[in-house]
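Undergrad: Could you put together the complete structure from these sequences and hints?
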Amino acid sequence: MPTTSTQTPLPGDQRISWARVHPDAYNAMLALEETGGGALDPTLRELVRMRASGLNGCAYCLDMHAHEAAKEGESLQRLVAVGAWREARHLFTEREQAALALTDAVTRLGEHGVPDEVWDEAAARFGELELVQLLVAIATINVWNRLGVATRAYVKERH
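Residue numbering for the sequence shown follows our numbering, starting at 79 and increasing by one per position.
If you're looking for bench data, these hints aren't it; they were derived computationally from the structure.
Owing to the predicted nature of the structure, the values given are computational and were not obtained by experimental measurement.
In this text, a Cβ means the ideal position worked out from N, Cα and C, and glycines have one as well.
Please note: incorrect hints may appear among the correct ones.
Stated by the list, open to error - In the SDA-like style, the derived pairs of lysine to any residue whose C-alpha atoms are separated by at most 25 angstroms in a straight line are:
id, residue 1, residue 2
1, Lys149, Arg186
2, Lys234, Gln92
3, Lys234, Glu111
4, Lys149, Leu169
5, Lys234, Met142
6, Lys149, Met107
7, Lys149, Ala166
8, Lys149, His100
9, Lys149, His237
10, Lys149, Val196
11, Lys149, Glu111
12, Lys234, Ala159
13, Lys234, Arg224
14, Lys149, Arg173
Said to hold, decoys possible - Simulated restraints, written as ranges between beta carbons of each label pair:
id, residue 1, residue 2, range
15, Asp194, Tyr232, 36 to 44 angstroms
16, Asp102, His168, 40 to 48 angstroms
17, Gly205, Lys234, 34 to 42 angstroms
18, Ala103, Glu195, 29 to 37 angstroms
19, Asn105, Glu172, 34 to 42 angstroms
20, Leu169, Val210, 20 to 28 angstroms
21, Ala217, Gly161, 16 to 24 angstroms
22, Tyr104, Glu150, 19 to 27 angstroms
TA: Set out below in structure tokens:
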């Protein structure tokens with residue numbers, strides 16, 4: 079039974095499997111993922127993915143990337159703190175802070191765009207190619223998040 083806008087979706091109430099319906103779109107997203115952020119440091123890439131996913135309320139992506147980061151050896155403390163990274167700056171390198179600030183600005187774009195100070199800090203910490211890869215990684219996770227939230231991607235329980 080479909081839910082109404084006043085009901086909380088039940089687990090498994092995914093609206094549509096967009097990847098199944100349009101595999102070419104899914105493959106294009108995978109190609110963008112690999113071309114864009116694929117060369118970034120895996121830890122940085124997962125922190126960026128988690129931060130954007132948290133901001134966008136995408137539980138599916140947040141769960142997936144937390145587990146991926148843990149497999150890469152990321153600490154539980156940093157995985158939890160990335161949601162409030164500004165209050166826990168000491169846990170993140172200056173490069174990671176610059177990447178997370180850029181993630182915040184691009185994800186919450188708004189009418190004023192990315193502030194110059196955020197851009198300048200990221201540009202000072204990353205070379206041109208890395209900066210473009212970071213931007214594409216941020217843009218890509220935002221697309222994944224929007225697809226996941228819009229279709230109610232289901233987060234399976236892990237034991």
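Undergrad: Against this structure, judge whether each hint is valid.
TA: Hints versus structure:
1. A threshold of 25 angstroms between alpha carbons decides the hint, and for Lys149 with Arg186 the separation of about 28 angstroms lies outside it, so the pair is violated.
2. Between Lys234 and Gln92, the direct Cα distance comes to roughly 12 angstroms. Compliance with the 25 angstroms bound is thereby established for this hinted pair.
3. The hinted pair formed by Lys234 and Glu111 meets the criterion: a straight-line CA distance of about 23 angstroms does not exceed 25 angstroms.
4. A distance of roughly 19 angstroms separates the Cα atoms of Lys149 and Leu169; the hinted pair therefore holds under the 25 angstroms criterion.
5. With a C-alpha separation of about 10 angstroms, the suggested pair Lys234 and Met142 falls inside the 25 angstroms cut-off, and the hint holds.
6. Pair hint Lys149 plus Met107 holds up; C-alpha atoms about 23 angstroms apart against a cutoff of 25 angstroms.
7. The suggested pairing of Lys149 with Ala166 holds, with an alpha-carbon distance near 22 angstroms, which does not exceed 25 angstroms.
8. Restraint check for Lys149 and His100: not satisfied, since their Cα atoms lie roughly 30 angstroms apart, outside the 25 angstroms limit.
9. With a C-alpha separation of about 15 angstroms, the suggested pairing of Lys149 with His237 holds against the 25 angstroms cut-off.
10. For a cut-off of 25 angstroms, the pair hint linking Lys149 to Val196 is broken: about 30 angstroms separates their Cα positions.
11. About 19 angstroms separates the Cα atoms of Lys149 and Glu111, which keeps this hinted pair within 25 angstroms; it holds.
12. For the suggested pair Lys234 and Ala159, the alpha carbons sit about 23 angstroms apart, so the restraint of at most 25 angstroms is met.
13. For the hint linking Lys234 to Arg224, the alpha-carbon distance of about 19 angstroms falls within 25 angstroms, and the restraint holds.
14. Between Lys149 and Arg173 the alpha-carbon distance is near 22 angstroms, which keeps this suggested pair within the 25 angstroms criterion.
15. At about 40 angstroms, the beta-carbon gap between Asp194 and Tyr232 stays in the expected band of 36 to 44 angstroms.
16. Hint check: Asp102 to His168, Cβ distance near 45 angstroms, so the stated range 40 to 48 angstroms holds.
17. In this structure the supplied range 34 to 42 angstroms holds for Gly205 paired with Lys234, their Cβ-Cβ distance being about 39 angstroms.
18. The supplied range of 29 to 37 angstroms is met by Ala103 and Glu195, whose beta-carbon atoms lie about 36 angstroms from each other.
19. Distance hint for Asn105 and Glu172: a CB-CB separation of about 36 angstroms, consistent with the stated range 34 to 42 angstroms.
20. About 27 angstroms separates the C-beta atoms of Leu169 and Val210, a value consistent with the hinted range of 20 to 28 angstroms.
21. Separated by about 20 angstroms at the C-beta atoms, Ala217 and Gly161 satisfy the suggested range of 16 to 24 angstroms.
22. Tyr104 and Glu150 have their C-beta atoms about 24 angstroms apart, which keeps the hinted 19 to 27 angstroms range intact.
Of the numbered hints stated above, those contradicted by the structure are hints 1, 8, 10, listed in ascending order.
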